[in-house]
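Engineer: As a plain string of letters, each chain reads:
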Amino acid sequence: MGKAGTTMLRGAKIGLRPMQTEDVWHLFKWFNDQQVLENIGRRSGLFCVSVEEERAAVEMMLTSPTNRDFMVIDLGTDMAVGWAGLSEIDLRHASARLEIVIGDPSEWDQGKGTEATRMVREHAFEVMNLHRLHLRVPCRNARAVTCFMAGGFIIEGTLRDDHFHRGRFASSYVMGALRDEGGRY
Amino acid sequence: MLDGKLVRLRAVEQGDLPTFVRWINDPEVTEYLQFEPPMSLEDEVTWYHHMLKGRDKAFAIETLDGRLIGNVGLVGLDWRNRRTDLGIMIGEKDAWSQGYGTDTITVLLRYLFEELGLHRVGLYADIGNQRAIRCYEKCGFKREGVVRAHRFKDGRYLDSVLMSILRPDWDEGRE
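Each protein sequence line maps, in turn, to chains A and U.
Here numbering that gives the first Met the number 0 is used: position 169 in the first sequence is 168, and no number is missing along the way.
Here numbering that gives the first Met the number 0 is used: position 164 in the second sequence is 163, and no number is missing along the way.
Hints in this document: simulated from the structure, not taken from any laboratory.
Don't take every hint at face value.
[What the hints assert, rightly or not] Counterexamples of contact, computed for chain U against chain A with all Cβ distances above 12 Å: (1) Asp42; (2) Arg79; (3) Asn80; (4) Arg81; (5) Glu114; (6) His118; (7) Asn128.
[Claimed, not checked] Selected chain A positions facing chain U (in silico; Cβ < 10 Å): (8) Ser86; (9) Glu87; (10) Ala93; (11) Leu129; (12) His133; (13) Leu134.
[What the hints assert, rightly or not] Pulled from the structure, derived: some chain A residues nowhere near chain U, Cβ distances all over 12 Å: (14) Gly10; (15) Asn38; (16) Ala56; (17) Ile88; (18) Asp89; (19) Arg96; (20) Ile153; (21) Phe163.
Beta carbons are placed, not taken as given, at the ideal position from N, Cα and C, and that holds for glycine.
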């Protein structure tokens, strides 16, 4: 599936292909990695997520009309290295929430998240005809904030103490990108 | 509710359906419209429940003093492409040619362009329905072409005129 050019949006280093049921195994692995979980402030879950829970989550994502989920594929190795999803898609107001996770820490700091951000952003604006993307990211996650800024997002505000992390409350940024601003990525 | 100069658009209620059925079964009313009379009240109730669940949306048209005179509906509302088609019926014949249709379309277009942010509103008019075509043109619709043999009625195929108004047309008309 990953090799078929027509089913993938191709960038320079990475491609995006639609998420499928068997990707549960990737997500199960990534969302059980403490390094990954550390700074994404995932909304749900207590400790580790089971395959069954992840399967149910994927089934929801694949069948929901307000979700559009992609796997981030390394074009060099043809392996899935992350997940990029739009949720809360609101066509009336032309907005959606973006989430991107590069799941394998050895793939970090290579610009893959930034490229995925730009590609999903372009897809959202040029294909899905959306006007606004928004996301929430813990303030301490400098890597992600840098990535999203490079991908055309700005910090719109701070959600003070919106989650509990390592013994204390911590804050998140709300970041947003509009279709008509900031030139053409 | 949407108020115009002459009409008010409100949601369709169950109690409106018998009136709608009376209009649909009047051949003069539906001469140029896409209905297949005879239609029963039960057919209309089925349509109503289908509409409540689906993407199509209809409004009842009242005069400002509360008399039900017609209905107008969105067909195939498409958010991604930000467009819809519409269909209108003024069912009370003594309300024809008094500007109610024009006012209805104007009020509805303002809502579709300025509140819903649509980019295109299209419709098909029977090629013989000159009164309707004039009304649509007055509202800013442009003719895009003739759709040949678009409708089968009384044993023969009839052409329709395809018309549309785009958001820039609407803005230009407001200036």
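Engineer: It remains to establish, for every hint, whether it holds in the given structure.
Structural biologist: Hints, verified against the model:
no.: 1; hint: Asp42; result: holds, 29 Å
no.: 2; hint: Arg79; result: violated, 5 Å
no.: 3; hint: Asn80; result: violated, 7 Å
no.: 4; hint: Arg81; result: violated, 6 Å
no.: 5; hint: Glu114; result: violated, 10 Å
no.: 6; hint: His118; result: violated, 9 Å
no.: 7; hint: Asn128; result: holds, 32 Å
no.: 8; hint: Ser86; result: violated, 16 Å
no.: 9; hint: Glu87; result: violated, 14 Å
no.: 10; hint: Ala93; result: holds, 7 Å
no.: 11; hint: Leu129; result: holds, 9 Å
no.: 12; hint: His133; result: violated, 18 Å
no.: 13; hint: Leu134; result: violated, 21 Å
no.: 14; hint: Gly10; result: holds, 23 Å
no.: 15; hint: Asn38; result: holds, 34 Å
no.: 16; hint: Ala56; result: holds, 25 Å
no.: 17; hint: Ile88; result: violated, 10 Å
no.: 18; hint: Asp89; result: violated, 9 Å
no.: 19; hint: Arg96; result: holds, 17 Å
no.: 20; hint: Ile153; result: holds, 23 Å
no.: 21; hint: Phe163; result: holds, 37 Å
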